[in-house]
Amino acid sequence: MSDSELPSEPPYLHPDYRSTVLRAPRRELVRLPAEWFHHSSGPAYGRIPVRPEDADLTRQHRGEPLGERIIVSGRVLDSDGRPLRHTLVEVWQANAAGRYLDPVDDHPAPLDPNFTGAGRCLTDDEGRYRFVTVKPGAYPWRNHANAWRPAHIHFSLFGTTLASRLVTQMYFPGDPLMPYDPILNSIPDPRGRELLVARFDLDTTEPEWALGYRWDIVLRGRRATPLEAG
Amino acid sequence: MNPTPSQTVGPFFGFALPFEDDANAVAPHAAGAVRIEGQVFDGGDEPVPDALLEVWHGEQLARCRTDAEGAFHFTVTRPEASAGAAPFLNVTVFARGLLRHLCTRIYFPDERAANETDPALGRVDPERRYTLVARQDAGILRFDVRLQGEDETVFFAL
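Sequence order for the protein chains is A and S. Take 1 as the starting number for the first sequence in this note's numbering and just add one per residue. Take 1 as the starting number for the second sequence in this note's numbering and just add one per residue.
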């Protein structure tokens with residue numbers, strides 16, 4: 001699949017996002033024929049542990065985390081719109097105050113002893129994933145003066161081939177910080193940016209309990225064979 | 001359907017993506033195991049302390065986060081040559097500042113004849129092929145990833 005078919009991918013070099021300046025490769029990537037990858041099996045992630053409780057980020061500690069409880073759910077599909085069954089989805093995020101548990105994060109917002117902010121699950125027979133968590137807070141970063149990241153959840157997926165590997169971020173509808181975010185706006189096409197914004201969904205929302213967001217994910221590539229189910 | 005666009009892994013994945021023994025797809029002393037060590041450097045020749053590398057071949061996946069020196073290591077079963085192609089390992093590189101991940105390959109220095117006729121290496125400028133071949137260094141196989149600069153590693157578009 002050539003870059004011209006992917007108008008929604010960000011470039012490597014996007015100077016508004018300062019960290020790209022010394023890290024984006026400057027030479028042209030060497031293109032290998034796509035068919036070399038359609039038949040290569042994808043990464044086997046069987047060693048990555050996935051326990052049932054990993055999909056509920058609000059129940060990983062003794063107490064409940066602070067914040068707005070949410071459900072994030074959707075389907076994982078291939079480029080033909082077919083569901084990817086039993087494929088690994090990994091997520092990580094800041095807590096409701098906008099602080100990551102990661103020791104690298106020095107934002108002076110409180111940690112929550114009841115929230116780690118990391119989860120994993122496998123999609124079901126229809127390619128659906130579902131996480132229960134709290135809505136992450138916005139947080140400042142030092143990219144430019146008064147820079148704030150919009151609320152987001154990081155996602156990592158493997159799919160079935162090398163070409164389908166995806167690490168991305170999901171954003172929340174109506175977040176006023178999105179127009180100012182150089183990471184989201186590295187995607188040149190507004191339709192591409194919209195693909196990263198979840199929608200509020202009353203059907204996913206559970207009464208008296210948690211707001212629901214829907215976000216479908218499409219991985220590049222097609223299934224190598226009808227039998228391959230990820 | 002339009003594929004979902006990529007976004008950077010950011011700097012804060014270290015508490016979430018590593019898993020137990022992630023860098024060792026096989027035990028380091030298992031028959032046929034090969035250990036590879038290396039460092040990731042940016043365009044200022046500084047080590048990249050917040051990259052995540054994944055290596056896989058066949059059923060094996062190794063994942064390794066770089067340390068303060070940009071260093072990583074992993075152990076997998078050494079790949080075998082397939083029809084008409086030299087043995088290699090697929091490597092993906094994620095980091096803050098990489099809006100999309102990068103894909104490269106590790107070839108082996110003791111496979112010179114096979115490397116010379118490998119179809120993927122054949123698509124690479126001969127002057128740059130060395131960036132894809134690990135080097136033997138005091139009994140250790142080393143493979144560095146240079147994101148930019150004169151010795152920029154060859155990355156592949158899939």
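Derived from the structure by calculation, the hints contain no laboratory data. Where hints are given, some of them may not hold.
Stretch by stretch, here's where chain A covers chain S in the computed footprint (C-beta under 8 Å, at least three residues) [claimed, not checked]:
| hint | region |
| --- | --- |
| 1 | 27-39 |
| 2 | 106-116 |
| 3 | 119-133 |
Non-contacting residues of chain A with respect to chain S, defined by C-beta distances greater than 12 Å in every case (computed) [said to hold, decoys possible]:
| hint | residue |
| --- | --- |
| 4 | E9 |
| 5 | R47 |
| 6 | E53 |
| 7 | E68 |
| 8 | R85 |
| 9 | G117 |
| 10 | H154 |
| 11 | T161 |
| 12 | Q169 |
| 13 | E194 |
| 14 | L211 |
| 15 | R220 |
Interface residues of chain S toward chain A, partial, derived using beta-carbon atoms under 8 Å [claimed, not checked]:
| hint | residue |
| --- | --- |
| 16 | N2 |
| 17 | T8 |
| 18 | G10 |
| 19 | P11 |
| 20 | F12 |
| 21 | F13 |
| 22 | F19 |
| 23 | A23 |
| 24 | G44 |
| 25 | P47 |
| 26 | L61 |
| 27 | R78 |
| 28 | L102 |
| 29 | Q136 |
| 30 | I140 |
| 31 | L141 |
By construction, the Cβ of each residue, glycine as well, lies at the ideal position given by its N, Cα and C atoms.
Original post:
Is the nearest CB of chain S more than 12 Å from the CB of A:T161?
Top reply: For A:T161, whose nearest Cβ neighbour in chain S is about 8 Å away, the distance does not exceed 12 Å, so it is violated.
Subject >> Non-interface claim for A:E194 versus chain S (Cβ beyond 12 Å) >> reply: violated (10 Å)
**OP:** Would you check whether S:P47 satisfies its interface hint, that is, whether its CB is within less than 8 Å of any CB in chain A?
**Re:** violated (12 Å)
Original post:
Quick one, is the S:N2 hint okay against chain A at 8 Å, beta carbons?
Top reply: Hint on S:N2: holds, closest Cβ of chain A at ~6 Å, below 8 Å.
Original post:
Holds or violated: the region 119-133 of chain S covered by chain A, criterion of 3 or more residues with Cβ-Cβ distance under 8 Å?
Top reply: holds (count 4)
**OP:** Please verify that hint: S:I140, Cβ, nearest Cβ of chain A, below 8 Å or not.
**Re:** With a minimum Cβ separation of about 24 Å from chain A (threshold 8 Å), the hint on S:I140 is violated.
**OP:** Could you let me know if the closest chain S CB is still more than 12 Å away from the CB of A:R85?
**Re:** holds (17 Å)
Original post:
With d taken as the least Cβ-Cβ distance between A:Q169 and chain S, does d exceed 12 Å?
Top reply: Per Cβ check, A:Q169 is inside 12 Å of chain S; nearest 4 Å; violated.
**OP:** Grab the minimum C-beta distance from S:Q136 to chain A and call the hint holds if it beats 8 Å, violated otherwise.
**Re:** violated (25 Å)
**OP:** Test the statement that A:R47 is away from the interface with chain S: the closest C-beta pair must be farther apart than 12 Å.
**Re:** violated (6 Å)
**OP:** Classify the label on A:G117 as holds or violated, using whether its beta-carbon is more than 12 Å from each beta-carbon of chain S.
**Re:** Violated: least Cβ distance 7 Å, not greater than 12 Å.
**OP:** Please confirm whether A:H154 is truly not at the interface, meaning its C-beta sits more than 12 Å away from all C-beta atoms of chain S.
**Re:** violated (7 Å)
Checked against the numbered hints given earlier, the structure breaks hints 1, 2, 4, 5, 9, 10, 11, 12, 13, 15, 23, 25, 27, 29, 30, 31 and satisfies all the rest.
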